[in-house]
Amino acid sequence: MFYYLFKRILYAVPVLLGVTFAVFLIISLIPGDPATAILGSYATPENIENLNRQLGLDKPFFQRYLKWVVNILQGDFGTSYSLNRPVIDEVVERFQATLILSGSSFLICSIIGIFFGIISSALQYSFFDKIITFSVILGISIPSFFLGMMMILLFTVELKLLPASGMYSLYGGGDLIDLLKHLIMPSTALAIVSTGVVVRLSRSIMLEILRLDFIRTARSKGLKEYRVIFIHAFRLAIVSILPILGLQAGFVLSGAVYIEIVFQWPGVGRMLVDSILTRDIMLVQGGVLFVALCYVIFNIVVDFLQLILDPRIREE
Amino acid sequence: MNVLFSKIIKNKLALLGGIILFILLLLIITTPFLNLSDPNAINTSDRFSLPFTSNYLLGADHLGRDILSRVMWGTRLSLAVGFSAALIAAILGSFIGIIAGYFGGFFDNILMRSVDVLMAFPYVLLALAIVAVMGPGLFNSLIAVAIVNIPFFARNVRGISLAYAKSDFMIAAKISGRSTFSCIIFELLPNLIPTIIVAFSTTIGWMILETAGLSFLGLGSQPPQADLGSMLGEGRASLIVHSHNSLIPGLMILFIVMGFNLFGDGIRDALDPKLSQGKLGRSKALTDLKKNFVFSERCSKSFLEVNDLTTKFIRNNYEIEAIKKVNLSLQKGECLAIVGESGSGKSVTALSITRLVASPPGIITEGFINYKGTDLLNINLQTMQDIRGKKISYIFQDPQSTLHPLQKVGSQISEIVINHKIINKVKLNKEVLELLRNVKIKDPERVVNLYPHQLSGGMRQRIGIAMAIANKPDIIIADEPTTALDVTVQAKILSIINDLKRELNLSIIFISHDLNVVSKISDNIAVMFNGEIVEFGKTKKILNNPNNQYTKKLIKSSPKLSLVKKKYNA
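Residue numbers (my numbering), protein chains in the order written: chain A, 1 to 316; chain B, 317 to 886.
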């Protein structure tokens, strides 16, 4: 098992290198002089020359890449020009907020998605199943940012129940309850599409499993239906559902960008959009790289969980 | 093509999607001819006009521009951008997939590792990075969304190409001296088209959403040009006071994406039945009875008696009678063999007894199954669950697929024990080990902790038998228990079943197509053909002196029958 884990981590190394290379390449592809792009059109020639030397941009491409990777390994993601603070500090701070938002959305889409997927497969052909199927189609078609705006209209403007922006109240609050109140709408809006996908796929995975011979065996043993479905069938289904959850983690991390804009959530996504508009390239680079690295690590964890759950893979 | 069309028509949701797309098509074609006002004409005196007022059917936005006209033109733009992005992703992705799959080796490695890298990014972040470099703008966001979706096409196409590259017709084409180019274009590509169409139709909705999303963030279309996403983004500023400004473009996006998703699902189901979701039915816990099923009035005290049992398979108004008016009886301690060729209805008979026939499509239309004075067709699920595994248990044909693949065999056995009685853990473990010893497993302490895939076929079938005898049932129904095993293992399993039958005074219904096997174990034989029992009687009598034409043929076709005859003559 540890051999497998080791192999999986080893396999991730080229992907990690590839990710850093891709980010570096994209940023190097900026048309024209990178220093001009960073400093904007008001920079004097001396400013640009200074920055070029400071960034080591007068050196050859691979030398620059190598130096850049070494710096990142030491936790140095460069300095943001618009904020005048180390990129890593800003990114880590923002990432915590994103993690709270997308983490809770991930929990919602996993738990609700799998639960309704199972129920709807167990009740196939019923009215309930049809309702679920239709809701799923609606759910995966609705833009999360539009849904978020409609939720604000309903729950903030009309019902005056929930706060529409930020992570904590500006005055007072600041405790867990306050955070949860601010979290409900954005995390739900963000989770909707992923929940739809998880319901749909876990339903179809369960339906395939419920036709298998060992389910008939379980029934021939006289087991109760809830045991047959929630234990026997689900035990096998979860192995195939896990990688889908891994993909959904990527989706909620992505979708967080829109939701953070709609709900003024102080996360990485909003930071990225702002820094693109202010052309703060170092911040974009650091933010994208940091989130991508976290996502790769998350996927290793998912693979490892799958390995724990399926003894057949362990022995291959 | 006609088949595809009719399949989509039949699928109600896909039809709905098709209608939505048709309406959209009409809209974008007619927009330029509709005499709409200029979508960019600013008229500040009419700012935020409400829908259905003055000259504005859908109201006006924060600059007094006609929302109806803007939504119509915005829809055109959004569709064009989403469609182009999907097309670019499909072409580039398929190209990469074909090269990687067809040539394999080095190309495959390099290309697929690059695709892995692209997939390592949460997709919007990658799109953001690309837009960051190229600068905000509609064209740039289109390119970004296309690049982000390349991996999906590349992976799908590569998988299929890889399979086709090694297929006989491709090898034949290569040997015949045709150029690589011609092989790919004329042999490989036509086979990939369905895959590409399915991938395209299921992702285009997403891509429209993604391009709208980037515009919403202000990174796509730049004013005054507006697609639906940027209209929604602009509307957000006045969301609370003038919600119609965001509501209308938002609903339009929902409408479009839903149309594409519904239609895309329909195309996928029609082109690739394997991928279709939810078309495969699950089976219910009890086989359905026919509507208005007439229960038998008969009262019988016999051990097991099956009367006029009829089970049908019904699917899409097409029905087959799997078994017709089957009559059987079994006494305590007796072994009844049911023999016949594949598809003769043996298994359906066996499964119908405790209503385990998969339903749908199975349905019992007639009959009476008396077990010790109870009609098994006339009891509820709970009562049936008390009988299954406790009074009547099963041994199935293929222990590879009939045991739970991820559950230790020990726990699969203990499960059937605790399901029917209350027992403490220590006793339970002892009982499980004892059961394993009963089926002649030498080191039960080790075997209980193994998974089915770690056992041989013969060992797995012993586990199946141990489960079946766990609660000392009255009747064991063995559905071809030795068919999947090789001959020497077969003999061992048979002797185990025979020994247990004697020790526990079991009644057995033994199903097989093999007369040799049956002759060794059964007291009575029922011969089935085409869903009906054609002959029923003492084993010896039927084997030595068959009446029915089919039975005679069956005996003739059995390879070692001469030996059997000798045994019974002796």
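Among the clues, some could well be false.
Said to hold, decoys possible - A partial selection of chain B residues facing chain A, derived with a Cβ cut-off under 7 angstroms: (1) 321; (2) 438; (3) 560; (4) 600; (5) 733; (6) 735; (7) 810; (8) 812.
Simulated from the structure, these hints should not be mistaken for lab results. Yeah, the Cβ is synthetic: ideal placement off N, Cα and C, and Gly gets one too.
> Checking against the hints above, which ones are violated?
Replying inline: 1, 3, 4, 5, 7 and 8
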